[in-house]
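Chemist: Here are the chains, one letter per residue:
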Amino acid sequence: MKGLARLRRLICVHRRWFIAGLLCVPGAVALELWIPQLLGAGIDMVERAVTGDGDGLGAIGGRLGQLFFVVVGLTALKNAFRFGMRYWQNIACRLVEQDLRHELVAHLEGLSASYFDRNRTGDLMSRATADIEAVRMALGPGLMYLLNTLLMLPLALAYLISLDPWLTLALSIPLAGLALTVRFMGPHLHRRSRTVQDRSADLSARAVDNFQGIRVVQAFNRQAAETAAFHDLSKSYATAQLELAKTRGWLQVLLGGGRRLCLLAILLVGGSAVMSERLTIGDFFIFIQYSEMLFFPLMAFGWVLGLFQRGRAAWDRLIEVFGARAEIDPDPGVAPKRDLSGDIRFENLTFGYEPDRPVLRDLNLHIRAGETVGIVGPTGSGKSTLARLIARLYPAAPGHLFLDGRAIDTLPLHWIRRQIGYVPQETFLLSDTMRANILFGRPDATEDEVEWAARVSQIDHDIAEFKSGYDQMIGERGVTLSGGQKQRTALSRAVIRKPGILILDDSLAAVDSETEHRILDELEVVMRDRTCLFISHRISALRDVDRLIVLEEGRLVEEGSHEELLEAGGVYARLFREHNLEQEIEELP
Amino acid sequence: MSPQIEEPIHGKAYDARLVRRLVPFARPYSKRIGLSIGLLIGLFVLDLLIPWILRIAVDGPIQEARESQAAPGAWEELIWLAVALLVVAILRLGFQLAQLLVMTDVGQSILHDLRLSAFSHLQSLSLAFFDRHPVGRLVTRVTNDIETLNELFTSGVTVVFYDLVKIVGVVAVLLWIDPKLTGIALLGLPVLTAVSFAFRSHARKAYREIRSRVSRLNAFLQELLQGIRVIQLFNQEQRVLDRFDEVNVDHRRAHVRAHLNWSLFFPSIDLVSMAILAGIVWVSGLGIAGGELQFGVFLQFWIMLGYLFDPIRELSEKYNVFQSAMASAERLFGLLDEAPEISGPENPYRPEEARGEIELRDVTFGYGDGPDVLRNVSFHVKPGEKIAIVGATGAGKTTLINLLSRYYDVRSGSILVDGHDVREYDPKDLRHQIGLVLQEVFLFPGDILENIRLGDTSISEERVIEAARLVGADRFIQKLPDGYRSEVRERGATQSVGEKQLIAFARVLTFDPSILILDEATAHIDPETERLLQKALERTLKGRTAILIAHRLATIRHADRILVFHHGELREAGTHQELLERGGLYHRLHQLQFG
Chain A
168 MKGLARLRRL ICVHRRWFIA GLLCVPGAVA LELWIPQLLG AGIDMVERAV
218 TGDGDGLGAI GGRLGQLFFV VVGLTALKNA FRFGMRYWQN IACRLVEQDL
268 RHELVAHLEG LSASYFDRNR TGDLMSRATA DIEAVRMALG PGLMYLLNTL
318 LMLPLALAYL ISLDPWLTLA LSIPLAGLAL TVRFMGPHLH RRSRTVQDRS
368 ADLSARAVDN FQGIRVVQAF NRQAAETAAF HDLSKSYATA QLELAKTRGW
418 LQVLLGGGRR LCLLAILLVG GSAVMSERLT IGDFFIFIQY SEMLFFPLMA
468 FGWVLGLFQR GRAAWDRLIE VFGARAEIDP DPGVAPKRDL SGDIRFENLT
518 FGYEPDRPVL RDLNLHIRAG ETVGIVGPTG SGKSTLARLI ARLYPAAPGH
568 LFLDGRAIDT LPLHWIRRQI GYVPQETFLL SDTMRANILF GRPDATEDEV
618 EWAARVSQID HDIAEFKSGY DQMIGERGVT LSGGQKQRTA LSRAVIRKPG
668 ILILDDSLAA VDSETEHRIL DELEVVMRDR TCLFISHRIS ALRDVDRLIV
718 LEEGRLVEEG SHEELLEAGG VYARLFREHN LEQEIEELP
Chain B
-10 MSPQIEEPIH GKAYDARLVR RLVPFARPYS KRIGLSIGLL IGLFVLDLLI
40 PWILRIAVDG PIQEARESQA APGAWEELIW LAVALLVVAI LRLGFQLAQL
90 LVMTDVGQSI LHDLRLSAFS HLQSLSLAFF DRHPVGRLVT RVTNDIETLN
140 ELFTSGVTVV FYDLVKIVGV VAVLLWIDPK LTGIALLGLP VLTAVSFAFR
190 SHARKAYREI RSRVSRLNAF LQELLQGIRV IQLFNQEQRV LDRFDEVNVD
240 HRRAHVRAHL NWSLFFPSID LVSMAILAGI VWVSGLGIAG GELQFGVFLQ
290 FWIMLGYLFD PIRELSEKYN VFQSAMASAE RLFGLLDEAP EISGPENPYR
340 PEEARGEIEL RDVTFGYGDG PDVLRNVSFH VKPGEKIAIV GATGAGKTTL
390 INLLSRYYDV RSGSILVDGH DVREYDPKDL RHQIGLVLQE VFLFPGDILE
440 NIRLGDTSIS EERVIEAARL VGADRFIQKL PDGYRSEVRE RGATQSVGEK
490 QLIAFARVLT FDPSILILDE ATAHIDPETE RLLQKALERT LKGRTAILIA
540 HRLATIRHAD RILVFHHGEL REAGTHQELL ERGGLYHRLH QLQFG
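As they're listed, the protein sequences go chains A and B. Residues 168 to 756, numbered by the working numbering, are exactly what the first sequence covers, in order. Residues -10 to 584, numbered by the working numbering, are exactly what the second sequence covers, in order.
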């Protein structure tokens, strides 16, 4: 297992909890082993009284009373140790879990966009939750029970051997059988329960599909076919459950059988030892108690080994994430002293997400500071890619893209991002208040600036209608925003930064065309001396920009003003005509 | 699935009304349930025999041999007792395994039946029901809620017929063996029960808190990962991380608090149990020394007390299981009691030959208690006529489709298909006449072929391929790795909107309904697919009455007549040319285009 240094460091930070928890283990084990011996001695004392070798009845009564209080007292102490060991190890491993998750999230935040294209959210989620949990289980309960078993087993066996080696040998056979059973059936059980989970997921997925498509199901009278399909899935789920129960049943039955074999060994070997007076009745009793007591740590042993295996596999997966490096160097050079004035230059730029599939080809383009530029083109022509390169979400090859005359690959990432307001296609809002979402763009902005940004983005009237205004919670725990409201909120958080370059990547698609037009007009006023890049499927919304750029299959094919391009009668003119009617019909008042 | 708030669990652990409703589901398996109970009783008897054998051994041959080494037959007797113990152990093994298998099988069969009846009942419910209930919650009904009942059938039956019987039985046997010792034990048992219940109720609260913290943590993580790009673009890594830390720390604290409860629970139970056992040693020690009691009896007592601790400790847990099982049963039966709002009359009109004539007479409709979405709409569509419906979002276009297929019933007025009110039809017959191509084409899990013929195996593969070829879907299907047998992934995530619509057109041609309803996709479609779609539409329209909700001029051109809807009312109707000349809504729309 590599990369243990990180784990070792975290354990070291919280070592006092680990040490406290583990120190309790020997105390608990010692008392656990001692108490049955005391009880056994008590029984022997009684036997001696019966046979007349020992004290009389009166003295016995006092001694038995003493024994009672000693045993209860020691049991209380033992359980205090047991409590300490469980409680402190839990604190220890929960702290490591928490720190590990913190470090994982901090690491993820530093990775580039391409990493998140390759790794799905669900997968990363399971690393941050299930895998970290598995590591915690190995570190906490795993370590604790391992120590418990390692201490208890040899000590108990040593004591039993000192009493009667043959009986100990006879007893070890079923006990070893138990440990092996758990060891070998454990993985089997794990596999079976995975199957049950998978089948259950299939079942749920089918139900989700069906309920979401119930209209279609009913439209095509597919109810019987759907029920039949569900029947099959339900049946195979039930079968998986039955298989799991079978394995679990066998495990349970074998464990119970092992326990009874222990009793059999004690009866036969122990009984004859008592008969030939090699053992006392008290010893016989101690054997019965020890065999019950060893039962759990032995079972736990197989379980603990499973915990370590799973923990190890999970740790390997976590190391994979920690090992991923950001594709973009965040600090390649010093930040310019002046703010970005907004001059963008592409020189012979070719870029693709995969090596052999360029999305932008030989792009030459100069956008001057303060210019407002519209980018137009069919789906897949490279519009968004162009915008993403400027925001340096993806790395352009060195020396082909310049901001204010400096190669973008020599600028610090944080500086670039501070200077650019980028509103992506997909809106992501926090489940937080409206204000917090706008302030997300610039946490130190004043209340006036928040309201200003909301006004520019035309979301101010919507906010005024909310019950709590800017304090309105949105998302799961608050109001649900419409698509258009979400997009306008996302815009406001970019606007509030007053960036040197503002990029709208088709980010007003869910806003009606009239509002989009108003927003773009407003933006042109407030962003007068800043550079704006507008990408929109609604070509008509871009009519008033300084310059239009038309992309087709990654190449710049036309540029000029709306009028010029219409007159030219090329790609733009065609796109404009095609889209217009569609738009207008959709938005008929 | 999105996290959701479950309805509060009601408090009862036993509700006779609900149990009575569950009985019919268990009845088909009554023989096997009887067998299982028989096996449990056998198991109980065998469990009693084991300490008995030990007692006989200790008080019999072992003691005799100690008193006089020459006790005749003592060794032989010990071996016979060992054999008896072995036999009992093996029998017990078999009984236990058989019981487990029988009971699990019965439990799973009952659950399967319940799941199926819930699912097939849901198939018959109307859209209005699905509007009111989020999909996630319905899925919980057919999965989690039924799974909770599993506990009721498998461990629940065991607890009633075994743990309770065992507790009562063991106490009875103990009383019979030695009333005095039993008295000592009975002093301690209520304490044990009280401790166990006290901790469990605490545990339930703690678990609820943990669940809410875990779901908060997961929700935050998901939000963070999905929005990572935005976080980076706005340089908010540190701030988001700080907020994450709050959630992360809360999550840890909740776990530690809950664990405190657990850390205390087992030691407390152990202490009380040990006090009872040590008390037994004290009292029986006196008894043995006084000659009133035998060692073997003490040993039997000791082992049998152990039988009591586990069921008592688990009793409170089982109580919780019963509580949530009752809540689940309540929710499940609530679902099964839901009557379909839309159903056919007892003697439905059976159409002999479908012509495809549609008439709306003064139709007014609104969803639930909501405002009217359609007001006094009347129009008539002749068989074979093509109608385009135009209007802004919220004009009532989609609602019109819902009413024609009778997903909802009108508030007033009537809808006639081929001269008969849609309410006279069996909904199945009605829907058989109507082919739907919706904006968002729904693909079912399965392959492309099944998605076109929709599981109707009476339709030949050739006919499906022919239909796909006619609409031009054949080309992209052939390109798929397994052609028509290619599996549809995640509801068609790999198919484009245009491709999905082509599949929907192929469905219509395959089933050949007399009426076609098309709600055109509004998503951006590339010109080539657009051409394909128009061609497919032309093919599909042939010989059918059609209602087209059109978003493209190209589609409107197919229509004989255009109906313009505005705010739920039919405002204008006529051909493209007539409407332009009239100078109304449609005209303005047209003007805007060149303005």
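Some clues are possibly wrong.
Claimed, not checked - Which stretches of chain B does chain A cover? Using the computed rule of at least three CB atoms under 8 Å from a CB of chain A, they are:
id : segment
1  : 104 to 110
2  : 208 to 219
3  : 341 to 352
4  : 418 to 424
To be verified - Lysine to aspartate or glutamate pairs mimicking EDC-like chemistry, simulated, CA-CA at most 16 Å apart:
id : chain 1 : residue 1 : chain 2 : residue 2
5  : A       : K504      : A       : D399
6  : B       : K375      : B       : E346
7  : A       : K402      : A       : D365
8  : A       : K402      : B       : E136
9  : B       : K531      : B       : E558
10 : A       : K413      : B       : D549
11 : A       : K665      : A       : D696
12 : B       : K169      : B       : E281
13 : B       : K371      : B       : D549
14 : A       : K402      : B       : E281
15 : A       : K402      : B       : D94
16 : B       : K531      : B       : D501
Unchecked claim - From chain A, some residues computed to sit far from chain B (all C-beta separations above 12 Å):
id : residue
17 : R249
18 : S329
19 : L347
20 : E459
21 : F475
22 : G490
23 : G572
24 : R609
Calculated directly from the structure, the hints in this document are not laboratory data. Small disclaimer: the values here were computed from a predicted structure and weren't measured. Cβ atoms here follow ideal geometry from the backbone N, Cα and C, with glycine treated the same way.
Chemist: Now look at each hint and say whether the structure bears it out.
Modeler: Going through the hints against the structure:
Counting residues of the segment 104 to 110 of chain B whose beta carbon lies closer than 8 Å to any beta carbon of chain A gives 4, which reaches the threshold of three, so the coverage claim holds. With 11 residues having a Cβ less than 8 Å from any Cβ of chain A, the segment 208 to 219 of chain B passes the three-residue criterion, so the hint holds. Counting residues of the segment 341 to 352 of chain B whose C-beta lies closer than 8 Å to any C-beta of chain A gives 0; at least three are required, and the coverage claim is violated. As drawn, the segment 418 to 424 of chain B meets chain A at 3 residues by the rule of a beta-carbon pair under 8 Å; at three or more, the given contact holds.
Between A/K504 and A/D399 the alpha-carbon distance is near 68 Å, which puts this suggested pair outside the 16 Å criterion. A hinted pair counts as satisfied when its Cα atoms are at most 16 Å apart, and B/K375 with B/E346 qualifies at roughly 11 Å. For the hint pairing A/K402 with A/D365, the CA-to-CA distance comes to about 14 Å; that is within 16 Å, so the pair holds. With a CA separation close to 14 Å, the supplied pair A/K402 and B/E136 stays within the 16 Å bound.
Distance hint between B/K531 and B/E558 is unfulfilled; the C-alpha atoms sit about 29 Å from each other, more than 16 Å. Of the supplied pair hints, the one linking A/K413 and B/D549 is violated, its CA atoms being roughly 67 Å apart against a limit of 16 Å. Between the alpha carbons of A/K665 and A/D696 the distance comes to roughly 11 Å, so the proposed pair stays at or under 16 Å and holds. Taking the CA atoms of B/K169 and B/E281, the gap is about 11 Å. The hint holds against a cut of 16 Å.
For the hint linking B/K371 to B/D549, the alpha-carbon distance of about 11 Å falls within 16 Å, and the restraint holds. Taking the CA atoms of A/K402 and B/E281, the gap is about 60 Å. The hint is violated against a cut of 16 Å. Between A/K402 and B/D94 the alpha-carbon distance is near 12 Å, which keeps this suggested pair within the 16 Å criterion. Between B/K531 and B/D501 the CA atoms are separated by roughly 11 Å; this keeps the pair inside 16 Å, and the hint holds.
Remark: the non-interface label on A/R249 conflicts with the geometry, its nearest Cβ contact in chain B lying 5 Å away (cut-off 12 Å). Under the 12 Å C-beta cut-off, the non-interface status given to A/S329 relative to chain B holds; the minimum distance is some 22 Å. Interface exclusion of A/L347 from chain B stands, the closest Cβ pair being 17 Å apart, more than 12 Å. Listed as a non-interface residue, A/E459 fails to keep its Cβ farther than 12 Å from every Cβ of chain B; the least gap is roughly 8 Å.
Every beta carbon of chain B lies more than 12 Å from that of A/F475, the smallest distance being close to 21 Å; the non-interface claim holds. Distance check on A/G490: its Cβ is at least 18 Å (rounded) from any Cβ of chain B, clearing the 12 Å threshold; non-interface status holds. Every CB of chain B is more than 12 Å from the CB of A/G572 (nearest about 23 Å), matching its label as outside the interface. A cut-off of 12 Å between C-beta atoms contradicts the statement that A/R609 is not in contact with chain B; the least separation is 8 Å.
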